[in-house]
Amino acid sequence: MQEGLNAWQLIAGADPTLFAIVQLSLMISLSAVAIAAVVGLPLGALLALTRFPGRNLVIVVLNAFMGLPPVVVGLAVYLLLSRSGPLGQFGILFTPLAMVIAQAILILPIIAALSRQTIEDLWLEYRDELTAMDVGPAGRVTTLLWDARLSLLTALLAGFGRAAAEVGAVMIVGGNIDGFTRTMTTTIALETSKGNLPLALGLGLVLIALVLAINAAAWTVRVWSERQAG
Amino acid sequence: MRAPVNDLPVLFERVSLRAGGMTILDRIDAIIEPGAPTLVVGPNGAGKSSFLRLCMGLSAPSEGRITWGGRPDAKPTRRAFVFQRPVMLRRTAAGNVAYSLKQAGVPREQRAERIARLLAQVGLSELAARPARRLSGGEQQRLALARALARDPDLLLLDEPTASLDPAATRSVEEIVRAAASSGIKVVMASHDLGQVRRLAGTVMFLVRGTLREHEAADAFLNTPSTPEAAAFVRGDLVV
Numbered sequence: 001m002q003e004g005l006n007a008w009q010l011i012a013g014a015d016p017t018l019f020a021i022v023q024l025s026l027m028i029s030l031s032a033v034a035i036a037a038v039v040g041l042p043l044g045a046l047l048a049l050t051r052f053p054g055r056n057l058v059i060v061v062l063n064a065f066m067g068l069p070p071v072v073v074g075l076a077v078y079l080l081l082s083r084s085g086p087l088g089q090f091g092i093l094f095t096p097l098a099m100v101i102a103q104a105i106l107i108l109p110i111i112a113a114l115s116r117q118t119i120e121d122l123w124l125e126y127r128d129e130l131t132a133m134d135v136g137p138a139g140r141v142t143t144l145l146w147d148a149r150l151s152l153l154t155a156l157l158a159g160f161g162r163a164a165a166e167v168g169a170v171m172i173v174g175g176n177i178d179g180f181t182r183t184m185t186t187t188i189a190l191e192t193s194k195g196n197l198p199l200a201l202g203l204g205l206v207l208i209a210l211v212l213a214i215n216a217a218a219w220t221v222r223v224w225s226e227r228q229a230g
Numbered sequence: 001m002r003a004p005v006n007d008l009p010v011l012f013e014r015v016s017l018r019a020g021g022m023t024i025l026d027r028i029d030a031i032i033e034p035g036a037p038t039l040v041v042g043p044n045g046a047g048k049s050s051f052l053r054l055c056m057g058l059s060a061p062s063e064g065r066i067t068w069g070g071r072p073d074a075k076p077t078r079r080a081f082v083f084q085r086p087v088m089l090r091r092t093a094a095g096n097v098a099y100s101l102k103q104a105g106v107p108r109e110q111r112a113e114r115i116a117r118l119l120a121q122v123g124l125s126e127l128a129a130r131p132a133r134r135l136s137g138g139e140q141q142r143l144a145l146a147r148a149l150a151r152d153p154d155l156l157l158l159d160e161p162t163a164s165l166d167p168a169a170t171r172s173v174e175e176i177v178r179a180a181a182s183s184g185i186k187v188v189m190a191s192h193d194l195g196q197v198r199r200l201a202g203t204v205m206f207l208v209r210g211t212l213r214e215h216e217a218a219d220a221f222l223n224t225p226s227t228p229e230a231a232a233f234v235r236g237d238l239v240v
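Chains as they are written, first to last, in our numbering: chain A, 1 to 230; chain B, 1 to 240.
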């Protein structure tokens, strides 16, 4: 009970440590979503609209990778970025940039696989009409991306939810350095094991509130645009 | 007004269409010329839809040759197609027409005026801002017609556009089709409704199991059908 009260005081009192951690977590996960979207949405569209040998294999692998274990991604990125690794000379291990890279890799399959499915379903529906209207390849992609924007937003949110909630990848490549690479999830893990329950609980509440707020916003956008465009 | 290049006549020379070992259309010879609407009639599975898709260029024949205004592989810029169940884009009614105008290359500054005119033409002016997917079946079919007419076609292909509509909605679709035909657009429309043939047809193409049994003026088809199947169809018997 006492921990709950203290946790609330940290949030309500805008505790600077707590808010610095929240801010860093958001920056990292949103950057990861942005990068994964820039790569994943066109990749999904490409997979949806093209046929090539090995396409089914790519789709199966992509779908399977939606469930990549974060610690394994963390380990792989760690090996790439460590001093002796192929990208070691850039010295970005244990920085926020490394954490963004790890999370972007983690959620890229989610965004690519969900957008592939969405765009392919819409393409099956639109194919005859767009062909009859003589729409070229570039026009098809932009039409499908635009008309599927609501479902694609959901794919981005799924990616964000996964990035914001994971602990394994950022823990390994970020190192959980106080004031530098400490996110909400890694702090909760650390502070709980240290017995500092108020901070852990406070961050847990903020994390849940953030996820709720983002999903509520997405829901509002969805309802509003459905009213606009069906 | 209209560009000198024209997609008419559409000429079918011994055109066959096969898929998966089945013959869908068998050695069709036909010419579609300007004039009153041509109704393509016959039982389900006779090949009506496939014939229209070939006319549009949506599929290619397995054998034989199709030319539009004497040109093979003519791009479908002066043709338009209305599907039996048209797919509404996830936009407003006006947005759907705007999309079609844009694809047809109509400059942006002319679109608003054309949208208003086209929606008025199909009686949907009041519903311009409504999401297209919220419209009723009849309204969607009329919007599909507006979208097709936005392409300013020489040839308008309609695949049983009234098959799932009630009489009132059917009448308004037929009125739009009739108006389009009298403005000089060649209408080719699949139907299995004998009443519709009487109301609209200038000529009739009668298909049975992928072969073209009759192609003649509607009067002749209705009054003196020359094949037993056509006679049965006109009598209202079941033709399979």
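No wet-lab data here; the hints were simulated from the structure. Be careful, since some hints might not be right.
What the hints assert, rightly or not - Far from chain B, some chain A residues (derived; all Cβ distances over 10 Å):
| # | residue |
| --- | --- |
| 1 | W8 |
| 2 | M27 |
| 3 | F52 |
| 4 | I59 |
| 5 | G139 |
| 6 | G204 |
To be verified - Between beta-carbon pairs, the in silico distance windows are:
| # | chain 1 | residue 1 | chain 2 | residue 2 | range |
| --- | --- | --- | --- | --- | --- |
| 7 | B | E113 | A | P16 | 58 to 66 Å |
| 8 | B | A19 | A | G67 | 53 to 61 Å |
| 9 | A | S225 | B | I31 | 43 to 51 Å |
| 10 | A | L49 | B | S136 | 26 to 34 Å |
| 11 | B | A168 | A | A165 | 53 to 61 Å |
| 12 | A | F90 | B | A19 | 24 to 32 Å |
| 13 | A | A216 | B | R134 | 40 to 48 Å |
| 14 | A | V39 | B | P107 | 30 to 38 Å |
| 15 | A | P137 | B | S136 | 28 to 36 Å |
| 16 | A | G88 | B | P107 | 50 to 58 Å |
| 17 | B | E113 | A | A165 | 36 to 44 Å |
| 18 | B | G45 | A | R227 | 57 to 65 Å |
| 19 | B | G70 | A | R127 | 49 to 57 Å |
| 20 | A | A218 | B | R134 | 18 to 26 Å |
Being a predicted model, the structure only gives us computed values, none of them experimental. Quick reminder that beta carbons are idealized off the backbone N, C-alpha and C, glycines included.
Outcome of the hint check:
1. W8: Answer for A:W8: holds, closest chain B Cβ roughly 44 Å.
2. M27: holds, 33 Å
3. F52: Holds: least Cβ distance 22 Å, greater than 10 Å.
4. I59: About 24 Å separates A:I59 from the closest Cβ of chain B, which puts it past 10 Å; holds.
5. G139: Given a closest Cβ separation of 7 Å, the condition is violated.
6. G204: Consistent with the label, A:G204 stays out of reach of chain B, its closest Cβ about 38 Å off (over 10 Å).
7. B:E113 with A:P16: 58 to 66 Å: 60 Å Cβ-Cβ, so the 58 to 66 Å window holds.
8. B:A19 with A:G67: 53 to 61 Å: Violated - the Cβ-Cβ distance for B:A19 and A:G67, about 39 Å, lies outside 53 to 61 Å.
9. A:S225 with B:I31: 43 to 51 Å: The hint (43 to 51 Å, Cβ to Cβ) holds, given that A:S225 and B:I31 are roughly 48 Å apart.
10. A:L49 with B:S136: 26 to 34 Å: holds, 32 Å
11. B:A168 with A:A165: 53 to 61 Å: Cβ of B:A168 to Cβ of A:A165: about 55 Å, so the range 53 to 61 Å holds.
12. A:F90 with B:A19: 24 to 32 Å: violated, 56 Å
13. A:A216 with B:R134: 40 to 48 Å: Violated: the Cβ-Cβ distance is about 25 Å, outside 40 to 48 Å.
14. A:V39 with B:P107: 30 to 38 Å: holds, 36 Å
15. A:P137 with B:S136: 28 to 36 Å: With Cβ atoms ~34 Å apart, the hint holds.
16. A:G88 with B:P107: 50 to 58 Å: holds, 56 Å
17. B:E113 with A:A165: 36 to 44 Å: violated, 52 Å
18. B:G45 with A:R227: 57 to 65 Å: 41 Å Cβ-Cβ, so the 57 to 65 Å window is violated.
19. B:G70 with A:R127: 49 to 57 Å: violated, 29 Å
20. A:A218 with B:R134: 18 to 26 Å: holds, 22 Å
Violated hints for the displayed structure, listed by number in ascending order: 5, 8, 12, 13, 17, 18, 19.
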